[in-house]
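Q: All chains, please: the whole structure from these sequences, using the hints.
From first to last, the protein sequence lines are chains A and B. The numbers in this note's numbering rise by one with no breaks, and the one at position 4 of the first sequence is 4. The numbers in this note's numbering rise by one with no breaks, and the one at position 49 of the second sequence is 49.
Calculated directly from the structure, the hints in this document are not laboratory data. No experiment lies behind these values; they were computed from the predicted model shown. Be aware that a few hints might be false.
Just a few of them, taken from the derived set where beta-carbon distance is under 8 angstroms, the chain A residues facing chain B [to be verified]:
{"#": "1", "residue": "32"}
{"#": "2", "residue": "34"}
{"#": "3", "residue": "38"}
{"#": "4", "residue": "125"}
{"#": "5", "residue": "127"}
{"#": "6", "residue": "129"}
{"#": "7", "residue": "154"}
{"#": "8", "residue": "186"}
{"#": "9", "residue": "203"}
{"#": "10", "residue": "275"}
{"#": "11", "residue": "281"}
{"#": "12", "residue": "283"}
For every residue, glycine included, the Cβ atom is placed at its ideal position computed from N, Cα and C.
Letter by letter, the chains look like this.
Number of protein chains: 2
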Amino acid sequence: MSRFVLLPLALLACVPGAAQTPQPSDAVEADWRTIPDDELLVMTLGDDRRVVIRLAAYTPSHVANVRALARARWWDGLSVYRVQENWVAQWGDQTEKKPLPTGLTDRPAAEFEIAAFTPAVRMARPDPYSTASGITADGWPVATNGREAWLTHCYGMVGVARDALPSTGSGAELFTPIGQSARRLDRNYTVVGRIIEGMRHLSALPRSEAPMGVYATRGEDAAIVSVRLASDIPAGERPRFQYRAADNSRFEAAVRLRENPRPPTVSLGGASVCDVALPVRPAP
Amino acid sequence: MSRFVLLPLALLACVPGAAQTPQPSDAVEADWRTIPDDELLVMTLGDDRRVVIRLAAYTPSHVANVRALARARWWDGLSVYRVQENWVAQWGDQTEKKPLPTGLTDRPAAEFEIAAFTPAVRMARPDPYSTASGITADGWPVATNGREAWLTHCYGMVGVARDALPSTGSGAELFTPIGQSARRLDRNYTVVGRIIEGMRHLSALPRSEAPMGVYATRGEDAAIVSVRLASDIPAGERPRFQYRAADNSRFEAAVRLRENPRPPTVSLGGASVCDVALPVRPAP
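A: Shown next, in the form of structure tokens:
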């Protein structure tokens with residue numbers, strides 16, 4: 001295997017800005033925007049495995065519940081109890097017996113759709129799940145059917161698990177796609193965030209072959225030590241991240257490069273909105 | 001978490017035929033076709049973790065090399081040496097120093113494209129990477145731009161790693177996408193097969209944070225005990241599998257149901273060719 005050659009692939013898969021010489025698709029300092037502390041959810045699994053979730057501003061009722069659950073330390077001592085091959089990892093209370101904290105909206109109205117389709121950069125081609133898709137100025141993948149708009153269930157996005165009735169998700173049980181992006185969940189589940197650090201701590205968990213990938217025994221679960229909003233962590237220990245904004249020609253150039261890579265790579269002329277790199281970095 | 005309710009999701013993700021009462025989308029016995037023994041590649045990792053790959057009939061030069069490598073027991077004692085988060089797991093000889101067996105075509109002509117686009121079932125909508133896609137009668141995902149046709153780099157497909165020159169892949173180094181399907185590799189890499197059993201043994205391997213996800217030390221590698229064609233395994237120990245053929249109204253109904261699920265699930269009217277379940281089962 002030649003490292004020399006696969007390196008460009010790695011760059012495509014990771015941070016365009018890592019190229020040797022500045023490219024039109026590279027970010028400049030002004031493109032990096034700090035994520036507010038109360039939009040960072042820090043989940044610590046056993047052995048100090050840290051998973052950081054950026055919360056979305058587009059589904060406020062469910063995100064408010066997620067904040068309330070974190071502030072009540074509700075997830076502490078619970079677990080990742082479901083890891084289904086090429087589907088999802090899911091965490092919360094597998095027994096469904098732990099009372100929800102007071103002040104929580106038990107069953108907020110569904111937020112499967114968001115207010116409007118306002119991408120800063122649109123994908124060149126539609127995909128099978130939508131008529132248009134793109135990345136918002138603040139770095140979220142979105143799609144539309146021409147009427148409704150929604151956050152897309154790309155790999156690593158965080159959704160709200162629920163019962164049969166579409167409005168029964170409280171935000172206490174969360175999941176993330178760990179295989180092929182779960183776009184068929186779009187408009188059927190509420191998306192509350194995206195994993196921006198430590199996805200590997202969920203994606204590499206042992207798969208369960210029990211029904212639905214729910215671990216057959218609690219001993220298989222990955223224990224959740226704590227879940228905190230960064231804003232509730234002492235300033236000195238608080239992680240801070242920046243996202244790469246999409247409201248500029250450099251991000252658009254990065255998307256176009258993904259859709260039309262340079263020779264000798266054969267260009268297919270398009271890419272899925274879930275195939276766009278959404279870089280983050282620790283705040284300097 | 002309600003098991004009752006997530007069950008339909010699990011069925012969508014797994015085997016449509018597992019429904020309680022027969023549905024138009026269910027397979028009948030005649031839909032199950034046996035995979036020839038010399039189209040099954042059995043890779044055994046340490047701790048008896050078995051990964052079974054179905055070889056494709058569409059890229060014969062590279063598949064001939066894969067068979068020759070297996071018959072020479074070339075992979076025995078080598079390893080899975082690269083596991084890059086949301087990208088690929090790759091195996092073979094990380095040192096690139098092990099001589100290839102005689103009788104191998106060192107650098108066969110690229111087989112990025114296949115002879116023709118002949119799906120038995122076409123997806124309802126195009127995707128960003130192609131103008132049309134679908135599933136062949138013998139159960140392979142394919143796409144076209146109206147001129148060339150190719151096997152798609154869906155999650156779990158097996159591709160031939162190579163150097164910069166498009167024609168330098170021998171088949172000795174293989175990879176499989178372990179995250180979002182790697183469709184941007186379509187027409188840039190040769191696809192030789194698909195993992196039909198034990199994908200979890202690759203998808204759940206620890207991710208490496210070293211450049212390109214290549215494990216920094218050989219001690220991190222997942223050892224390959226052996227790789228054999230099923231046809232070279234004693235008949236009594238030989239695994240046998242059947243795939244669900246797509247040349248029938250039942251498979252088409254399953255695809256349409258994936259594209260247009262029943263209420264209360266909101267239908268998006270389409271699905272990616274990588275989002276179609278391609279069931280296999282042990283031969284009765």
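Q: Each hint should be assessed against the structure and marked as holding or not.
A: Consistency of the hints with the structure:
| no. | hint | verdict |
| --- | --- | --- |
| 1 | 32 | violated (21 angstroms) |
| 2 | 34 | violated (24 angstroms) |
| 3 | 38 | violated (27 angstroms) |
| 4 | 125 | holds (4 angstroms) |
| 5 | 127 | holds (5 angstroms) |
| 6 | 129 | holds (5 angstroms) |
| 7 | 154 | holds (7 angstroms) |
| 8 | 186 | holds (6 angstroms) |
| 9 | 203 | holds (7 angstroms) |
| 10 | 275 | holds (6 angstroms) |
| 11 | 281 | violated (15 angstroms) |
| 12 | 283 | violated (20 angstroms) |
Comparing the model with each numbered hint stated earlier shows that hints 1, 2, 3, 11 and 12 do not hold.
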